[in-house]
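Chemist: All chains should be built: construct the whole structure from the sequences, respecting the hints.
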Amino acid sequence: MADYVLARKSRNIASNMVHVFLNLLLGIGAVLLTVLTSSPALGIVLVLASKWRIFAVRARYFTLNLKANLVDLIVGISVVLLAYFAGNSLLLVHVLLMIFYSAWLLFIKPLSSENATLAQSLVAVFLGMSAATIMSSSLNPIVIILLAFLIGYAASRHILVQSDDKDFTLTTLVCGLVFAEVAWLCHSWAIIYTFGATGIRIPQSAIILTIFAFVYNYARQAMIKYQDDFRFKHIIRPVVFGTILIAIIVFAFSNPIFNI
Numbered sequence: 028m029a030d031y032v033l034a035r036k037s038r039n040i041a042s043n044m045v046h047v048f049l050n051l052l053l054g055i056g057a058v059l060l061t062v063l064t065s066s067p068a069l070g071i072v073l074v075l076a077s078k079w080r081i082f083a084v085r086a087r088y089f090t091l092n093l094k095a096n097l098v099d100l101i102v103g104i105s106v107v108l109l110a111y112f113a114g115n116s117l118l119l120v121h122v123l124l125m126i127f128y129s130a131w132l133l134f135i136k137p138l139s140s141e142n143a144t145l146a147q148s149l150v151a152v153f154l155g156m157s158a159a160t161i162m163s164s165s166l167n168p169i170v171i172i173l174l175a176f177l178i179g180y181a182a183s184r185h186i187l188v189q190s191d192d193k194d195f196t197l198t199t200l201v202c203g204l205v206f207a208e209v210a211w212l213c214h215s216w217a218i219i220y221t222f223g224a225t226g227i228r229i230p231q232s233a234i235i236l237t238i239f240a241f242v243y244n245y246a247r248q249a250m251i252k253y254q255d256d257f258r259f260k261h262i263i264r265p266v267v268f269g270t271i272l273i274a275i276i277v278f279a280f281s282n283p284i285f286n287i
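Residue 287, in our numbering, is where the sequence shown stops; the numbers in between run on with no holes.
Just so you know, these hints were derived from the structure itself, not from any lab.
Heads up, some of the hints might be wrong.
[Unchecked claim] Restraint ranges, calculated between C-beta atoms of paired labels, are given here: (1) MET250 - HIS46: 36 to 46 Å; (2) PHE280 - SER66: 28 to 38 Å; (3) VAL47 - LEU166: 37 to 47 Å.
Ideal Cβ placement from N, Cα and C applies to all residues, glycine included.
Modeler: Following this line, the structure appears as structure tokens:
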């Protein structure tokens, strides 16, 4: 019996080590391949290959599987695209993306608490909108609108699927539409904050929509919690804080020197 327990523990340790190694390989490899090949193709293929379980199901389960993994896909593909648009010389931003994506795969993605799902959604919004804004700066506005809708829908669904509310289709669609509208408004004056030679670029729209996603989720939770007794005072602090923060970003940090 003791030998069986010892053998089982050894297998568990070996399995965990393989799991950590493969995730580190994905986290580092997706970025490194993008930099070395000067193309996002292999990095995206690596991300998609890691999600093989999405495709290894019967056709009727494919859509459900895809929806359930949208946030993880958005994060992974966004990391690759951000690495690609930063250039083919290894910069600080590439190292940070490797570290972050590895941490995402090992520590952040496996979490399932309410706060964790919110954090995962906000990460997807920030990275997804950053990649979408930078990528679509020279493309038709419809591209950023569609991508923003998808990101808003996925982030909202990721949070709400954990809640007791089983009918959240309308809420996710509304969130997606708001994202699309904000992205359309920001597209004509796309502000991107750059940080010297680090390669770090942060679109203003990504910050605004991340703040909005947080306030939106807080407001919806308060409405569910208080139901018929809901009052604006229950959400006034995050709404006012979010509004002031967005106003400061828009009016104080929209210098044309950042415009792309």
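Chemist: Which hint numbers does the structure go against, in order from smallest to largest?
Modeler: none
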